[in-house]
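These two chains come separately, so use the hints to put the complex back together.
For the protein sequence lines, the chains are A and B, in the order given.
Count the first sequence with the working numbering and you get residues 1 to 221, in order.
Count the second sequence with the working numbering and you get residues 1 to 359, in order.
Please keep in mind that the hints were generated in silico from the structure rather than gathered at the bench.
Accuracy of the hints is not assured; some may be wrong.
Simulated pairs of lysine-lysine, DSS-like, Cα-Cα distance not exceeding 30 Å [to be verified]:
| # | chain 1 | residue 1 | chain 2 | residue 2 |
| --- | --- | --- | --- | --- |
| 1 | B | K146 | A | K186 |
| 2 | B | K51 | A | K157 |
| 3 | B | K338 | A | K186 |
| 4 | A | K186 | B | K192 |
| 5 | A | K41 | B | K102 |
| 6 | B | K54 | A | K41 |
The model shown is predicted, which means the values in this text are computed figures rather than measured ones.
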Amino acid sequence: MNYQSISIEELVQECAQHSHPDAWAEFIRRFQRLIASVVIKACNEWGDMSPEVIEDLIQETYLKLCANNCSLLARFQPHHPNAFLGYLRVVTANAVYDHFRSATADTRDVKKTEQLDEGTNQAHSQYGNVASADNAIFFSQIDEFLRQRGTGPAEEKERTIFWLYYRQGLTAKEIACIPGMNLTAKGVESTIFRMITFVRRSVVSGRNKERSTGIQGAESF
Amino acid sequence: MYNGHISSEQIELLSEQGHETSEQTGEVWSHIENCQECRALLERYRAFDAKLAKLSSEGVQLKSQMTCPDENIWFEVAAGTLPANESLRHAQHAATCDSCGKKLKAATRLFESELSSQEEQILNSLPSSRTQRQQIMAEQLSQVAKAASQPELTYAEKKKPRRPLWRFFAFACAVALAVLAVLPWASAAYTKYQILSAYREWRPMNYRLPNVPYGPPPNIERGPKGIRARYVADSTNDPQLSAAALLLRLDSSKAIAMLEDARKSGSPPTSLLDALVVAYAMEAEHANSNVCHPNDCYQHALELVTAVIDHNPDDKIAFFNRAMVLKNLNRDYSADLKRYLDIERDDAWIRDANALLPH
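Chain B extracted, bound-state conformation (with noise of 0.2 Å):
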């Protein structure tokens, strides 16, 4: 007691823990009912905290203003990237502006190391946590990084004494002429390997293109993968890996207009037609073509499908297409799936067309 009355001290905690009544503060709970100074300070004390707390969620002004940092800045004062003065400088900011202030807290909050339990589980299910596919990109980001990289001189060979200067030149020449020749070699086959490598992850069609290896085939709930395709280019000498790198990006319409006009310029090889058959039937999956109408899109798949099967009896692929084709249209497909499976010797597609076999 102070003066008669509460002190500061006990009413502060009495105004943090609500109304407990315990053996030590009956005495003066019992105190505040009676004195009406000392319930009128509780009282003062208790809007003191609300107002704070009202502060902290309403916030006082949400706008950014004209001093405010970029807002990838605070990744780096959360993760400790900047020098310790800077932090601080873009802490002190943050603390009185509500903008740049949520940032700051996203910021911290991303970078916590402790996970969720649905975090944990997410991160457990990825297949780029299994000990196999960390190797298998290692080994990719490997290839990737040397693809890039050009060999740097040692100390000794940069500390070589000069050669007389036109052995400079002609070395150069040479150096390029060989790059020159290479070059467009180096870059078809480095598309060319990524078109595949996207293909080997993930194939975005339920059809199967000739020359492109075994995908996992899209589930009806994932969209298109648009990252790796995003860095896939389509430009290539080669209009069918051309069209498959189109294809990886459902870009089919295009596709089949790159396709057509390799067909007409020539005989055209029996792996083009049936890139072609898969174009349009995933052109007959767009609602709004400008193509074709869906039925005539898959109509067409089929006549083309059916003329390759024709002309050759054993072409597995067009087997498997034509068997898609057939159930997208809701038609008896198991004769084509089941002479497929006569043909075809790799197990990962075995096991797709077992599973795609009406019971």
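The following block holds chain A by itself, in its conformation from the complex (with noise of 0.2 Å):
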């Protein structure tokens, strides 16, 4: 059977059902990459680039795919194309997380993690009191002016850019490649403008006020 002229279906079904030595090594020809390359992110997100390490996590994904009879693979159903590599993706990342997960719960006491993490949270909250409380009252702001734009789907979702994007952090590429956006990146940022450009007048001049009534007072932020 020639596995190279198969589509990734076909391929993974081959592999779960007869596992020929031909079909995994196609199968590794195709998604080694992209195994590695979340591998490697996920490892430089903990920490450890060592090669050794990356290697290993590599091994231990493919015997996660293999394992009980192959039933990763067995159980997966394509809702859309490419949505294998999705999957791959997710499949190697939670092999990557537990690895490290187990790793530093073996290496530490977690009732006494747990106590620090309290007494962390405890000092910040005490020392950042102000600081959040004003972030917060900020947040409320402009969330409620986001709101009064309207509670439908529509709207909802370019709340849900606005704070990803400003709050969160994430780029218009990684927003846009959120399934149930249904936007571009140029989408996105379109929308960002138009979101923060509301935003910013209806904050700083006052809805429906702007320059009309004159200058408004200096408001605190």
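Written out as structure tokens, the structure is:
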């Protein structure tokens, strides 16, 4: 059988059902880069870029795909084109995170760490009380303006885009990649531009009062 | 100009641009310098922008809330494996929850297809990026997958008319007996395959175990290769194989106990003594050993390996291991290594030994 000419879904089923070495060779040829990329980035996230660990985790991912009679591959149901690529990314990321979480859990006293976290949060909240309260008020103020635009699905989506960009720091391209947004990166940029213009004017000058009633008194941000 | 003042659009533009002056903006800046109202408005725009940037960098509330979804969901959102409406619902939550927002951001960065030059360099240097290694991996994955799979009945077989029940039971009993007879053998063979494969990829010690294929020696910077070792069972009927699995995890004290038990139970084969030498030598590298003091462990390994060589002067493994023990004791080991090179025929082992020869 010529595995190079079959679709991704057919190849996945071949690997799951017959596990021919040639099918796996083609699987590795097609997906090695994707798996390795996710492993490398995830290792970077956890601060361990040792090539040995990266190589081990790549093998760990393949072993997971083979485990339990290739159940991960067998139960894959494609809902849209390229669905398998996303599925494989999730499997790989989970394999890496599980490894590091378990490695971290092995080398620490969980109870003590929880206490430390609590302590840090408490200290943080005491020192950062004024700043975070200030941020919370500012956030509520803007969010209120955004909600005044309406609470329909389109307005909710735009509000989500605004906060993903300005509060969470996602780029327009990253936001566009989230399914359900149904926008290109340009579309996201355009939405953000419209929203920030609206919010700026609403917050700074007061809605519908711009220049016609003169400049508003200085507000404390 | 609007009512003798600068329009909001212009003020916004200036707030983004800073103090860059051009022919177009020169007049506007000069108005701002002279108009208190416009200057105040510009300051307010700038204060707003600064505040928004601060909100992004400091966040509002980092602690997780009761309504936060499981953290693994963010991989699925970023990878696009969830239905669109579910994905959007989670994105809406992440937009105003700093804890989840950070996780979503991390997940989206993880799945970016572009790699930095450093990441690209690491990717290209990986053994699994080489075609030859991929071929070996394909063979191994095929074997692992087949070992766990059961042949499925075809549609035609499923539709065959039923035979009398007693025939079915007789057949099932025969199959069960056959499986029971073969299962221990198959399980032992699979365990052996796993252990040998792990050694073939990498051996965790500078010594050499008998009946184990060549594998690259440990790098000093490299820790125990825990992942593959985790999959290797150490409960086999063969004490040497079990000890090999334990040594793969650097558990030399347990390996010593197992091999010593086997040694006491009868006249031990030379290979078992060779393995015991390796276990004692590895135990000597444990600063907090509860088996013996490091120097005593080395001494014990040295006495044992010398006895093996006295009994069998052609035991190449013993010569190799004695050379390594002497090397660790900072004693002359070149004679043993040269003797080893006279006997050894395997190119990979010869290459390793040559690299160890003192200059």
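For each hint, the structure was consulted:
no. : hint            : in the structure
1   : B:K146 - A:K186 : 48 Å, violated
2   : B:K51 - A:K157  : 23 Å, holds
3   : B:K338 - A:K186 : 70 Å, violated
4   : A:K186 - B:K192 : 57 Å, violated
5   : A:K41 - B:K102  : 16 Å, holds
6   : B:K54 - A:K41   : 27 Å, holds
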